[in-house]
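Undergrad: To get the working numbering, take the position in the sequence shown, counting from 1, and add 3.
If you're looking for bench data, these hints aren't it; they were derived computationally from the structure. Don't take each hint at face value.
Unchecked claim - Straight-line distance between alpha carbons at most 25 Å, and here's what the computed DSS-like set of lysine-lysine pairs gives:
(1) K203 with K107
(2) K203 with K81
(3) K156 with K203
(4) K150 with K81
(5) K107 with K157
(6) K50 with K67
(7) K67 with K156
(8) K203 with K50
(9) K81 with K55
(10) K107 with K150
(11) K156 with K107
(12) K81 with K107
(13) K55 with K157
(14) K107 with K67
(15) K157 with K203
(16) K107 with K50
(17) K67 with K81
(18) K67 with K157
(19) K203 with K67
(20) K55 with K156
(21) K50 with K81
(22) K55 with K107
Claimed, not checked - What follows is a list of derived Cβ distance ranges for each label pair:
(23) L149 with R129: 24 to 30 Å
(24) N29 with L128: 48 to 54 Å
(25) R129 with N31: 46 to 52 Å
(26) L15 with L171: 40 to 46 Å
Ideal Cβ placement from N, Cα and C applies to all residues, glycine included.
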Amino acid sequence: LHIAVLASILSLIIYWLIRDRYRVRNLNGKHVFITGCDTGLGNSLAKWLDRKGFCVIAACTTEKGSQELRSCSSLSLKTVNLNLADSNSIARAVEFVTEQTAGKGLFGLVSNAEVTAPVGPTDWLRIEDFHSVLDVSLLGLIEITLKLLPLLKKAEGRVVNLINAKGLMAFVGGGYSLSKWGMEAFSDTLRIEMQHFGVKVSIVEHGFFKAEEVN
Numbered sequence: 004l005h006i007a008v009l010a011s012i013l014s015l016i017i018y019w020l021i022r023d024r025y026r027v028r029n030l031n032g033k034h035v036f037i038t039g040c041d042t043g044l045g046n047s048l049a050k051w052l053d054r055k056g057f058c059v060i061a062a063c064t065t066e067k068g069s070q071e072l073r074s075c076s077s078l079s080l081k082t083v084n085l086n087l088a089d090s091n092s093i094a095r096a097v098e099f100v101t102e103q104t105a106g107k108g109l110f111g112l113v114s115n116a117e118v119t120a121p122v123g124p125t126d127w128l129r130i131e132d133f134h135s136v137l138d139v140s141l142l143g144l145i146e147i148t149l150k151l152l153p154l155l156k157k158a159e160g161r162v163v164n165l166i167n168a169k170g171l172m173a174f175v176g177g178g179y180s181l182s183k184w185g186m187e188a189f190s191d192t193l194r195i196e197m198q199h200f201g202v203k204v205s206i207v208e209h210g211f212f213k214a215e216e217v218n
């Protein structure tokens, strides 16, 4: 029994070592769509992936954010305006991504956009306050992921959901922590279902970043 346990542990260690050494090659022509690129982590990630040679499609909530990002990136980086609380805006963004990928499929979807406020004691809040957060940070994320799944399946791509670890601590009322726990559950379910299609689903729990909404 002890030998079997040790063998299992050793097999897992070997698997993790091999997995962590894997590197993506031939980056040119691989399309990555990132939400929440006006400022902060999404903005930095879009610039970094652009420098690495990926074909980045960056979603911004404002035209100003789009212009500023394009001004300091290569010509291959494309931007699109996106309001995750608006199904029509999501549909337009998905159509744009479909045109840009030109039949190749989508190598990566990085969901970073979020709304933090309003937060406060629960009995001070209205149901509209919860909707204003959840419609973007959870339901909008789910909707755009569902609509991009055909492109992700085609490329056997990956979904990466960025979650502020602070949001996993239910320290104040409002939709913020609810949205983060919902993202965790959605990601875990999607990971199980998409493995049969070669699509990977990951969660990155990051720290606090300076962004316009918290300045």
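Undergrad: If a hint holds in the structure, say so; if it doesn't, say that too.
TA: Against the structure, the hints:
no.: 1; hint: K203 with K107; result: holds (17 Å)
no.: 2; hint: K203 with K81; result: holds (24 Å)
no.: 3; hint: K156 with K203; result: holds (10 Å)
no.: 4; hint: K150 with K81; result: holds (19 Å)
no.: 5; hint: K107 with K157; result: holds (7 Å)
no.: 6; hint: K50 with K67; result: holds (16 Å)
no.: 7; hint: K67 with K156; result: violated (33 Å)
no.: 8; hint: K203 with K50; result: holds (23 Å)
no.: 9; hint: K81 with K55; result: holds (15 Å)
no.: 10; hint: K107 with K150; result: holds (16 Å)
no.: 11; hint: K156 with K107; result: holds (11 Å)
no.: 12; hint: K81 with K107; result: holds (16 Å)
no.: 13; hint: K55 with K157; result: holds (23 Å)
no.: 14; hint: K107 with K67; result: violated (30 Å)
no.: 15; hint: K157 with K203; result: holds (13 Å)
no.: 16; hint: K107 with K50; result: holds (22 Å)
no.: 17; hint: K67 with K81; result: holds (14 Å)
no.: 18; hint: K67 with K157; result: violated (33 Å)
no.: 19; hint: K203 with K67; result: violated (33 Å)
no.: 20; hint: K55 with K156; result: holds (23 Å)
no.: 21; hint: K50 with K81; result: holds (11 Å)
no.: 22; hint: K55 with K107; result: holds (19 Å)
no.: 23; hint: L149 with R129: 24 to 30 Å; result: holds (28 Å)
no.: 24; hint: N29 with L128: 48 to 54 Å; result: holds (49 Å)
no.: 25; hint: R129 with N31: 46 to 52 Å; result: holds (49 Å)
no.: 26; hint: L15 with L171: 40 to 46 Å; result: violated (25 Å)
In the structure shown, a violation is registered for the earlier hints numbered 7, 14, 18, 19 and 26, in ascending order.
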